[in-house]
Amino acid sequence: MTTTTLTLGNDLTVNRLAFGAMRLTGKGVWGPPADRDECLRVLRRAVELGVNFIDTANSYGPYISEELIREALHPYDGVVIATKAGLLRTGPDQWPVLGYPAYLRQECEMSLRRLGVDTIDLFQLHRIDDKFPAEDQVGELLKLQQEGKIRHIGLSEISVEQLEAAQKVAPIVSVQNMYNLTTRGAEPLVDACEAHGIAFIPWFPLAAGPLAAADGPLQRIAAEHGSTASQLALAWLLKRSPIMLPIPGTSKVAHLEENVAAGDIELSDDEFETLSKAGAAQS
1 MTTTTLTLGN DLTVNRLAFG AMRLTGKGVW GPPADRDECL RVLRRAVELG
51 VNFIDTANSY GPYISEELIR EALHPYDGVV IATKAGLLRT GPDQWPVLGY
101 PAYLRQECEM SLRRLGVDTI DLFQLHRIDD KFPAEDQVGE LLKLQQEGKI
151 RHIGLSEISV EQLEAAQKVA PIVSVQNMYN LTTRGAEPLV DACEAHGIAF
201 IPWFPLAAGP LAAADGPLQR IAAEHGSTAS QLALAWLLKR SPIMLPIPGT
251 SKVAHLEENV AAGDIELSDD EFETLSKAGA AQS
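Be aware that the sequence shown starts at 1, since it is given in the UniProt record's numbering, and climbs by one per residue.
Quick caveat, the hints were computed from the structure, so don't treat them as lab data. Misleading hints may appear alongside valid ones.
Stated by the list, open to error - Here are the simulated DSS-like cross-link-like pairs (lysine-lysine), alpha carbons at most 25 Å apart as the crow flies:
#, residue 1, residue 2
1, Lys252, Lys277
2, Lys168, Lys149
3, Lys252, Lys27
4, Lys168, Lys131
5, Lys131, Lys143
6, Lys277, Lys239
Model the full structure from these sequences, guided by the hints.
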């Protein structure tokens, strides 16, 4: 794996092409996966390929993703496991937000137990709940950090203003927002994260939409690299910023291997600009 690394906080250095574990679950991110053994193979193969950052959440399943990660990889041996709390699960594809501080604490304690660790490397607030003061939600994570139960704190689906407010409460080492070649609303946030040395974790990183059409720029450039459109979308993210940490997910080993191979693609500046302009036109 030839992609460069980035460091979360000042002590967790990871390869910049990571793995998102949401798809290791059933339909609607609910219940067990259709092929449990294949999902375990995916996790183990990811680590074999050099992936050492795995992103999950208590709400994936719920609980199932974390349980599979423990079964496949515990005691982790240098692999950073990042998880999240702040959403309830009331059924398939249902994600009510709950940021009540006592609930966040409970879910941290339960994730510690499920993952089999004393400290969670990166604990992320899955959403800021507007029913409670944001500083209370981030403040509870700070307390957990001070107690040694969390090493680092991250946020998800926030604005630049919310990031700046959270930084006044606690050190923030990562931000996770939806971002890809054609979904670029988080552009100012990427720039803010780069300015502060904060990792940006784009979720839904492979979306390409019309750019992936047979006669589109994505396919043309992909053909020149002998790659797929999805691999090129990942290569674009990696070139976009040194703080970018894509987390493509899958429940199939073959797809995982294809995604990880994207780390070997080197886009030229001209190719990057061509894709950037085409993607912005679609966003």
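Status of each hint after checking the structure:
1. Lys252 <-> Lys277: violated (32 Å)
2. Lys168 <-> Lys149: holds (21 Å)
3. Lys252 <-> Lys27: The given pair, whose Cα atoms are some 15 Å apart, holds under the 25 Å limit.
4. Lys168 <-> Lys131: holds (20 Å)
5. Lys131 <-> Lys143: Holds - the C-alpha atoms of lysine 143 and lysine 131 are around 20 Å apart, at most 25 Å.
6. Lys277 <-> Lys239: holds (14 Å)
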